[in-house]
Structures are given as structure tokens and as C-alpha cells.
Amino acid sequence: MNDITPEGTRERLILTAEQLFASKGIESVSLREIARTAGQKNVAAMQYHFGDREGLFSAILEYRMRNIDAFRTQLLQACDEAGEGEQLPALLRCLVVPFVEHIRQAGLDSHYIEYLARLQVSYPEFLAEASLTRPWQASVKAISQRIHHLIPGPESLRNQRQLMIGICMIHSVAAFERGLREGRYQLSELEAFTDNLIDALCGIVLPPQG
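Numbering-wise (UniProt numbering), the sequence shown opens with residue 1 and increments by one.
No lab work stands behind these hints, which were simulated from the structure alone. Among the clues, some could well be false.
To be verified - Simulated DEER-style distance windows between Cβ atoms:
hint, residue 1, residue 2, range
1, 155, 86, 14 to 24 Å
2, 157, 52, 28 to 38 Å
3, 43, 203, 13 to 23 Å
4, 52, 7, 16 to 26 Å
5, 77, 155, 24 to 34 Å
6, 208, 54, 35 to 45 Å
7, 30, 134, 22 to 32 Å
8, 66, 145, 18 to 28 Å
9, 200, 43, 36 to 46 Å
10, 77, 163, 21 to 31 Å
11, 153, 30, 18 to 28 Å
As the list claims (entries may be wrong) - Mimicking SDA-like on lysine to any residue, the simulated pairs with C-alpha atoms at most 25 Å apart in a straight line are:
hint, residue 1, residue 2
12, 41, 51
13, 141, 102
14, 141, 83
15, 24, 185
16, 24, 166
17, 41, 58
18, 141, 101
Cβ coordinates follow ideal geometry from the N, Cα and C atoms, glycine included.
Generate coordinates for the entire structure from the input sequences, incorporating the hints supplied.
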């Protein structure tokens, strides 16, 4: 990353904002603090690159989600080829694994999932809209539509359970990400955590057996 170029400056601002939002919360961080922490003396750099706060939110999402969406699309294609494209555990794995792999690759430098969790709390409508309308979220929309049809019950119940899936997934992975940085979890636990989370999400979707 070359901070001398406009692209390098923009990337530095995105990464700084992601870390500050994740650690302090969305509402506790100003554009001025982000600019100052990123080494920019003038807050006008924020307006130049992002326009406003929601523009910055979108920039962080796009910065991370392009690669995550591409990986998720590959997983979904593999599910279809294996004849598992309409099976709930496989679809949930397509949602969860790209986030987990992001943590595996970034390690202690991973802040993105906690940023998502913070955004979901502070700006739930913005995140919901971005998850279903932005081109770099196409795989999420496709998988969500398939899962929606697998949830039994009336439409209102389906919508509630689908919302619960998103909240549980994001906040659970964010808790692992934070725990990894704080030394409470190890990367070696990621596989077991992933399986456990998928089992829990299946329990949200399917009615109790008995």
C-alpha cells in the first residue's frame, strides 16, 4: 500500500476506520478522529474520498466483500455441483465459511466482522439494504433466497428467522474475532467453532423435533 497515491490514502482511511469502528463502536468515532489516526491533517480528506459517513460504511463493506463474495460464490457453485444447493447445512456453510476464512487469513489483524456487528446494531437498515442490493453481495442474496424457501411456516415467521440467522452469525463470528485478539481463542479452534455455529443456525431455521 502506497500512502502517497490517492488510492493508498483511501485504503489507509478505510483500514483505520474499520479498526476504530470495531474497537470503539460506530457512534463513538468521528470522521476527524479517523483522519487524524490515519495521518491525515485535514478532515476534508474524508469528504473527498467518501462523501459522508454512509459513504465510508459502504467503502469498508466493498473493500472486504468483493473477495468474500467471490469466495462465497465459488462455495455455492460447488454446492450446486455436488447436488447440495438446496440443503440447509450446505447453504449455511456457504454463508459462514467466508467470514471464518477471513479471520484465518488476517489473524490478529482481523477487525472486519466486529465492524459488521457494530454496523448491524447502529445502522441495521443500512446493512440490510447493502446486503441485498449491492453487486458485491450477490451471493448473499442468492443464498438468502434459497434459505428463505426452506424455512417452514408463514412469511412473517420466515422473515423473523432469517433476521435471526444474520444476527446470530455475524455476532458469533465477531465474538470469536474479538476473542482471538484478546487471547481467549486460538486459530486452531476455528473449524470446531464453524461446525458448532452452523449447527446452531440450523436450529434457528428448523422447528423442534419431537
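Here is what the structure says about each hint:
no.	hint	verdict
1	155 <-> 86: 14 to 24 Å	holds (19 Å)
2	157 <-> 52: 28 to 38 Å	holds (37 Å)
3	43 <-> 203: 13 to 23 Å	violated (46 Å)
4	52 <-> 7: 16 to 26 Å	holds (20 Å)
5	77 <-> 155: 24 to 34 Å	holds (29 Å)
6	208 <-> 54: 35 to 45 Å	holds (40 Å)
7	30 <-> 134: 22 to 32 Å	holds (25 Å)
8	66 <-> 145: 18 to 28 Å	holds (21 Å)
9	200 <-> 43: 36 to 46 Å	holds (42 Å)
10	77 <-> 163: 21 to 31 Å	holds (26 Å)
11	153 <-> 30: 18 to 28 Å	violated (44 Å)
12	41 <-> 51	holds (17 Å)
13	141 <-> 102	holds (20 Å)
14	141 <-> 83	holds (20 Å)
15	24 <-> 185	holds (21 Å)
16	24 <-> 166	holds (22 Å)
17	41 <-> 58	holds (23 Å)
18	141 <-> 101	holds (20 Å)
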